[in-house]
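Visitor: In order, the protein sequence lines correspond to chains A and B.
Quick note on this note's numbering: the first sequence kicks off at 1 and runs consecutively.
Quick note on this note's numbering: the second sequence kicks off at 1 and runs consecutively.
No wet-lab data here; the hints were simulated from the structure.
Treat the hints with caution; some may be incorrect.
Keeping only pairs whose Cα atoms sit at most 30 Å apart, straight-line, the calculated DSSO-like set for lysine-lysine is [as the list claims (entries may be wrong)]:
id : chain 1 : residue 1 : chain 2 : residue 2
1  : A       : Lys9      : B       : Lys161
2  : B       : Lys5      : B       : Lys45
3  : A       : Lys6      : B       : Lys144
4  : B       : Lys144    : B       : Lys161
5  : B       : Lys144    : A       : Lys9
6  : B       : Lys45     : B       : Lys60
7  : A       : Lys9      : B       : Lys157
8  : A       : Lys6      : B       : Lys157
9  : B       : Lys153    : B       : Lys60
10 : B       : Lys48     : B       : Lys11
11 : B       : Lys153    : A       : Lys9
12 : B       : Lys144    : B       : Lys60
13 : B       : Lys5      : B       : Lys60
14 : A       : Lys6      : B       : Lys161
15 : B       : Lys60     : A       : Lys6
16 : B       : Lys153    : A       : Lys6
17 : A       : Lys9      : B       : Lys60
18 : B       : Lys45     : B       : Lys11
19 : B       : Lys11     : B       : Lys60
20 : B       : Lys5      : B       : Lys48
All values reported here derive from a predicted model rather than from experimental measurement.
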Amino acid sequence: MNDFNKLDKFMRQHTPQISKTLAQPQIPKAARSWVPALLATTAAVVLVLTLTLRPDNREEDTLASLQALDWEENTNDLPTDVADLVAIVD
Amino acid sequence: MILTKTENAFKDLYASQAGGVRRFVTGIVGNGSVAEEITQESFLKAWKALPNFAFRSTLKTWVYSVALNTARDWLRSHAGKTYVALDPDALEAVEVESPETRAVREALMELDEDTRVILMLHYYDDLALSEIAKILNVPNGTVKSRLFAAKGKLRPKLVAKGFDV
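My request is simple: use the sequences and hints to build the entire structure.
Guide: Dropping the structure here:
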């Protein structure tokens, strides 16, 4: 027989247990089994999105490069007919 | 930086246990700001020694034992200094303090260090006898008998404060 039942009860009621109150929030037991599946699904979705979006990005990059080349050609090299005109004026 | 499983566990341990360790140390040294320093130092020591951790105990009990030793070292090195005197508000209440909670805190502060340590580990930190045994580095049976004796010292303090325990 524990002689300190009343003391134990009193102490349990009146000692703030910081280690418990500061413990990180726990995921409810019922939800725990879903967590790995949810994480795996999220990872799979991210992977699929990454793979499907990559070619589009590449196409856009290529297009941007080509446009830049066009711009450079237009600004640095005069079209042939214009160059001929300039030569005639000179 | 890729953390190992143990390092991640240690990180979680700090997040969940630093408050408890700080209060435990406060109960030993009797001064909140000193306890804060000792708590930081204890976790740092434990972190540095992590590669040598042998898993003979849990990380939690290990950190508590490091904190206990660090606090005792501090007490020894500051023995006789007047500012070591127990701070009446050392064991701060988490929420608004009831008369009973205050009485418990005051009663604990009136006890000697060893008695206070074992009662705090048992009641405040809610540790099992086996965990307390690991922290104090004594057999389970010793914890049981010391705890019994500690309760015997605590009860009259609370009775003197008007509580029927």
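Visitor: All the hints need checking, so say for each whether the structure fits it.
Guide: Hints versus structure:
1. Distance restraint check for lysine 9 (chain A) and lysine 161 (chain B): the Cα-Cα separation of roughly 17 Å lies within the 30 Å cut-off, and the hinted pair is therefore satisfied.
2. With a C-alpha separation of about 19 Å, the suggested pair lysine 5 (chain B) and lysine 45 (chain B) falls inside the 30 Å cut-off, and the hint holds.
3. Under the criterion of a C-alpha separation no larger than 30 Å, the hint pairing lysine 6 (chain A) with lysine 144 (chain B) is consistent with the structure, at around 18 Å.
4. For the suggested pair lysine 144 (chain B) and lysine 161 (chain B), the alpha carbons sit about 26 Å apart, so the restraint of at most 30 Å is met.
5. Distance check on the hinted pair: lysine 144 (chain B) and lysine 9 (chain A) sit about 18 Å apart at the alpha-carbon level, within 30 Å; holds.
6. Of the supplied pair hints, the one linking lysine 45 (chain B) and lysine 60 (chain B) holds, its CA atoms being roughly 14 Å apart against a limit of 30 Å.
7. Between lysine 9 (chain A) and lysine 157 (chain B), the direct Cα distance comes to roughly 16 Å. Compliance with the 30 Å bound is thereby established for this hinted pair.
8. Under the criterion of a C-alpha separation no larger than 30 Å, the hint pairing lysine 6 (chain A) with lysine 157 (chain B) is consistent with the structure, at around 14 Å.
9. Of the supplied pair hints, the one linking lysine 153 (chain B) and lysine 60 (chain B) holds, its CA atoms being roughly 27 Å apart against a limit of 30 Å.
10. Proposed proximity of lysine 48 (chain B) and lysine 11 (chain B) is supported: the alpha carbons are some 13 Å apart, at most 30 Å.
11. Only pairs whose Cα atoms come within 30 Å are accepted, and lysine 153 (chain B) paired with lysine 9 (chain A) is accepted, the gap being roughly 16 Å.
12. The straight-line distance between the Cα atoms of lysine 144 (chain B) and lysine 60 (chain B) is roughly 20 Å, inside the 30 Å bound, and the hint therefore holds.
13. Restraint check: the Cα-Cα separation between lysine 5 (chain B) and lysine 60 (chain B) comes to about 15 Å, which is no more than 30 Å; the hinted pair holds.
14. Under the criterion of a C-alpha separation no larger than 30 Å, the hint pairing lysine 6 (chain A) with lysine 161 (chain B) is consistent with the structure, at around 15 Å.
15. For the suggested pair lysine 60 (chain B) and lysine 6 (chain A), the alpha carbons sit about 29 Å apart, so the restraint of at most 30 Å is met.
16. This hinted pair checks out: lysine 153 (chain B) and lysine 6 (chain A) have alpha carbons roughly 14 Å apart, not beyond 30 Å.
17. For the proposed pair lysine 9 (chain A) and lysine 60 (chain B), the alpha carbon gap of about 25 Å is at most 30 Å, so the pair holds.
18. For the hint linking lysine 45 (chain B) to lysine 11 (chain B), the alpha-carbon distance of about 14 Å falls within 30 Å, and the restraint holds.
19. The straight-line distance between the Cα atoms of lysine 11 (chain B) and lysine 60 (chain B) is roughly 11 Å, inside the 30 Å bound, and the hint therefore holds.
20. A C-alpha spacing of about 16 Å is found between lysine 5 (chain B) and lysine 48 (chain B), which places the hinted pair at or below 30 Å, so the restraint holds.
Taken one by one, the earlier hints all hold for this structure without exception.
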